[in-house]
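> In UniProt numbering, the protein residues as written are 1 to 698.
Think of the hints as simulated: they come from the structure by calculation, not from any bench. Wrong hints could be hidden among the right ones.
[To be verified] Derived DSSO-like pairs: lysine-lysine, alpha-carbon spacing no greater than 30 Å straight-line:
1. Lys402 to Lys58
2. Lys387 to Lys402
3. Lys576 to Lys441
4. Lys441 to Lys468
5. Lys258 to Lys58
6. Lys574 to Lys441
7. Lys592 to Lys606
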Amino acid sequence: MLTTVASVFIFAQRKILVEIVPDVVRKTWKDWEVRVLILFSLFLQIILIWFGNRRKFKGNLKIRSTIWTAYLLADWVATVTLGVISQNTLDECKKSESEKLTDELMALWAPFLLIHLGGPDTITAYSLEDNELWLRHLVGLVIHSGLAVYVLLVAWPGSSYLIPCSLLILLSGLVKYAERTLSLRSANFEHLRNSMLTPPDAGPNYAKFMEEYTLKKMEGFFVKADEVKELPVITDHKYTAGRGQLISKAFDQFEIFKRLFVDLILSFQDRDASREYFRNLVENAENAATKAFDVIDIELSFAFDMFFTKAPVIFTAVCGILRLLTFCFTIVSMIAFWRLCESEKYHVADIVVTYLLHLVAIFLEFYAVHVLINSDWMDNWLSKRNKPRKGWISRCFHPSDKPRWSNSMAQYNLLQFCLEDKPARLYKIQEFFHMEDFLEKHRHRTYVDVSPDLKRLIFHRFNEFAEKHALAKKDEAALSSLVTRKGSFTIEENGCPQLNWTFEIDFDERILVWHIATDLCYYLNSEETKIRVESKHLSDYMLYLLVMCPFMLPMGIGMIRYRDTCAEARDFFKDKNLGNDKLKLFTNACEKIRNVNTEVLPRKVKGDRSKSVLFDACRLAKSLLAIEDGRKRWEIIFHEWVELAAYAAGHCRSNHHAQQLRKGGEFLTHIWLLMVHLGITDQFQISQGHARAKLIVK
Numbered sequence: 001m002l003t004t005v006a007s008v009f010i011f012a013q014r015k016i017l018v019e020i021v022p023d024v025v026r027k028t029w030k031d032w033e034v035r036v037l038i039l040f041s042l043f044l045q046i047i048l049i050w051f052g053n054r055r056k057f058k059g060n061l062k063i064r065s066t067i068w069t070a071y072l073l074a075d076w077v078a079t080v081t082l083g084v085i086s087q088n089t090l091d092e093c094k095k096s097e098s099e100k101l102t103d104e105l106m107a108l109w110a111p112f113l114l115i116h117l118g119g120p121d122t123i124t125a126y127s128l129e130d131n132e133l134w135l136r137h138l139v140g141l142v143i144h145s146g147l148a149v150y151v152l153l154v155a156w157p158g159s160s161y162l163i164p165c166s167l168l169i170l171l172s173g174l175v176k177y178a179e180r181t182l183s184l185r186s187a188n189f190e191h192l193r194n195s196m197l198t199p200p201d202a203g204p205n206y207a208k209f210m211e212e213y214t215l216k217k218m219e220g221f222f223v224k225a226d227e228v229k230e231l232p233v234i235t236d237h238k239y240t241a242g243r244g245q246l247i248s249k250a251f252d253q254f255e256i257f258k259r260l261f262v263d264l265i266l267s268f269q270d271r272d273a274s275r276e277y278f279r280n281l282v283e284n285a286e287n288a289a290t291k292a293f294d295v296i297d298i299e300l301s302f303a304f305d306m307f308f309t310k311a312p313v314i315f316t317a318v319c320g321i322l323r324l325l326t327f328c329f330t331i332v333s334m335i336a337f338w339r340l341c342e343s344e345k346y347h348v349a350d351i352v353v354t355y356l357l358h359l360v361a362i363f364l365e366f367y368a369v370h371v372l373i374n375s376d377w378m379d380n381w382l383s384k385r386n387k388p389r390k391g392w393i394s395r396c397f398h399p400s401d402k403p404r405w406s407n408s409m410a411q412y413n414l415l416q417f418c419l420e421d422k423p424a425r426l427y428k429i430q431e432f433f434h435m436e437d438f439l440e441k442h443r444h445r446t447y448v449d450v451s452p453d454l455k456r457l458i459f460h461r462f463n464e465f466a467e468k469h470a471l472a473k474k475d476e477a478a479l480s481s482l483v484t485r486k487g488s489f490t491i492e493e494n495g496c497p498q499l500n501w502t503f504e505i506d507f508d509e510r511i512l513v514w515h516i517a518t519d520l521c522y523y524l525n526s527e528e529t530k531i532r533v534e535s536k537h538l539s540d541y542m543l544y545l546l547v548m549c550p551f552m553l554p555m556g557i558g559m560i561r562y563r564d565t566c567a568e569a570r571d572f573f574k575d576k577n578l579g580n581d582k583l584k585l586f587t588n589a590c591e592k593i594r595n596v597n598t599e600v601l602p603r604k605v606k607g608d609r610s611k612s613v614l615f616d617a618c619r620l621a622k623s624l625l626a627i628e629d630g631r632k633r634w635e636i637i638f639h640e641w642v643e644l645a646a647y648a649a650g651h652c653r654s655n656h657h658a659q660q661l662r663k664g665g666e667f668l669t670h671i672w673l674l675m676v677h678l679g680i681t682d683q684f685q686i687s688q689g690h691a692r693a694k695l696i697v698k
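Please construct the entire structure, taking both the sequences and the accompanying hints into account.
Here it is in C-alpha cells:
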C-alpha cells in the first residue's frame, strides 16, 4: 500500500516538473539536443588537448580544476550523446523527411564520438587510479563501438557517399579508443611491474656443484671451493654536452630507474653505472649541479608521459602507421563530404556541425603531431639514430626553454600563519561545507622558484656524502644511512653536543622544531647570504609537506603537533605588543619568543598532553644563535634540512612521488631521484651478483 502511494506521489511530482517547462522550450531542446551535446563534447576535447600536458609544468589549482572538470565531463557527455543519437534513430516511421535526413548525418556523427572517447594524446589518466580502471575502459570500448555500429545500421544513410565517410571515421574512432585503453593498461601498476620483472633466476646449480664436490672428496682428493672473481664490465658513461645526447642518456637512465616507481630493486651494476655518469658530470661539466638536475627533470618528464599520456604507446612503429592511416581517413572523409554533399537537403546547422567535427579532428591531429615532434621522445629517437635537429626545424619545434616541471617549491610558514590575519571570502559558506580549514591553509601557501643556488648546494652536499662513504670506506650501508637516519650527520660532523637532544625526537616533531628555530635565526640575524635564504626556503617547503602533503612523509602525529603549536603561538602573541609595522612584525615576534627563559624543559612544566613544540624550538634557536660563526651556523641549519629532506624523500612511497607529477611535480621527488643516482638509497639490494666458484682438486 505504501509503495503504491509513494509511486503515485513521485509520478505526480514528475508531472508537475515537466509542466513547469513550456512545450516550446522542450521542443526546441529536442530539436537541438544532439547538436548542443556534440559541440559541447568537441569543446571538452579542445580543453583536454590544450591543457592536458600543461599540468606537467603548471601546478596551479585553476588549471588542475579545469582539467579535472573537463576529464570527468568528456566521457560522460560523449556517452550521453551516443545514447541520445541511438534513441533518435529508433522512431524512423514517425519522422518527417527532414528529420530522417538529420538522422543520416547523425550516423556520421556517432563515430566521431568514439574519437572523443579515445581522448587526446596529452591525457589518458587524470590520476594513477584511472590506470587501474583500464578493464572498465575495455568494456566501454566494446559497448560504445557496438552502439556506434548499431546507429550506422539502423540509420543507414540513403546517400551513398555518407556510407564510406561513416566507415572511415568509425575505423579512426576504434583506433583512437583502442590506443587509450592500451595506454591505461600499459600504465597499470600490475602490468607495469610485470613488464619490468626480469626472467626468474635460479642462480648457479648448487646441487650439481656439491655433488661433484662430495664425489671428489669420497675419492680421497683434497677438495677446496674457491671463488672466481668476475672482471668488471667496462662501459662508457662519459658525459656528453649535446642536448640530444643528454636526453638520450636521461632516457637510458629512465629505462633503468623507472623500476623504482613499481617498488622493484636495483642491482650494483645499475648503481655503479649511474654513479660513474654523475661523477663524470662533476669532472667535465661547467655547471654540474644544473646538468644533473636537467637529467632528472627529463627522466621525470618521461615518467609523467608513461603514467598519464599516450606517448609510450603511440611512439611505436605500429601505432605510428595506424596514426597516419586515421589521419588520412579523416581527411578523405572531409573531402568526400565537401565534394559530394547535397547541402540544400540538410539543415544548415547540421552541415556546420559536420564540418566542425571534421575540422577540429584534423586540427587536433596536427596539434598532436606538433606535441610529438616537440617531445623528448622524438629527441631520444633522433639521438639514437645520430640525427640531431637542425636549423629552423629545431627552433620552431623544440624551444630551448621548454619547461618539464613547475620548477617551484610551495612555501608554508607557521609564524606567518599565526601572525597574519587573512580574512576568508564567504566564510559562512566555507563553514557550512566544512572547508574553512582546508581553504585557510591554501590562503597562506605561496610559491618560490627552485633556484640554481639551491640545486648547487644540495647536489654538492649529496655528492660529497656519496664520495666520502662510497669511495673512502667502500661502505654501502653507511651510504644508505642518509635515508635510514633522520638527520644527524651534520651535528656530529660539526661537534655540536648541545644539539644532540634533537636526535631523540620524532621526525615530524623535528621538522617543526627546526622550522621555528630556522625562522628565529633568520629574523634575528640579518646577514644576507645565499645559504641563509635557501635554508629558509627549504624550511618552509618541508613544513608545507608536513601540513599540506603529510602522505609524502613518514607516519606520525605531525598535524596534532602543528595545531597545538599554532594554538600556543597565537595564545603567546595575543597579549604581546608587536607593533603595527609589518616589516618588523616577524622580527619583534621572534624577539619575544627568544626572550622567554627556557632553563626548565617545557615538558616538565606542561606535561605531555599538549604536543606543542614552540619553546623546544626556542631552546634549539638559542643554541644555534650561540654559534658565533654565522657561516658555520647556516651551514649546520642548511645541511640539517638537506638530511631531513633526504630522509623524507627516501621514505615517501613511490606511488606518491608518481602521483605528484600531475601537479607540476614536487622538488622532493627530484631530491629522491638524485639520491638514487648517487647510490644513496637502500633499494640497491643486489650488491654482488652471482658468486662464481670452482673446484680445486689436489
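> Now tell me, hint by hint, if it's right for this structure.
Hints and how they fare:
no.	hint	result
1	Lys402 to Lys58	holds (12 Å)
2	Lys387 to Lys402	holds (20 Å)
3	Lys576 to Lys441	holds (24 Å)
4	Lys441 to Lys468	violated (41 Å)
5	Lys258 to Lys58	holds (23 Å)
6	Lys574 to Lys441	holds (21 Å)
7	Lys592 to Lys606	holds (20 Å)
The structure fails hint 4 only (numbered hints given earlier).
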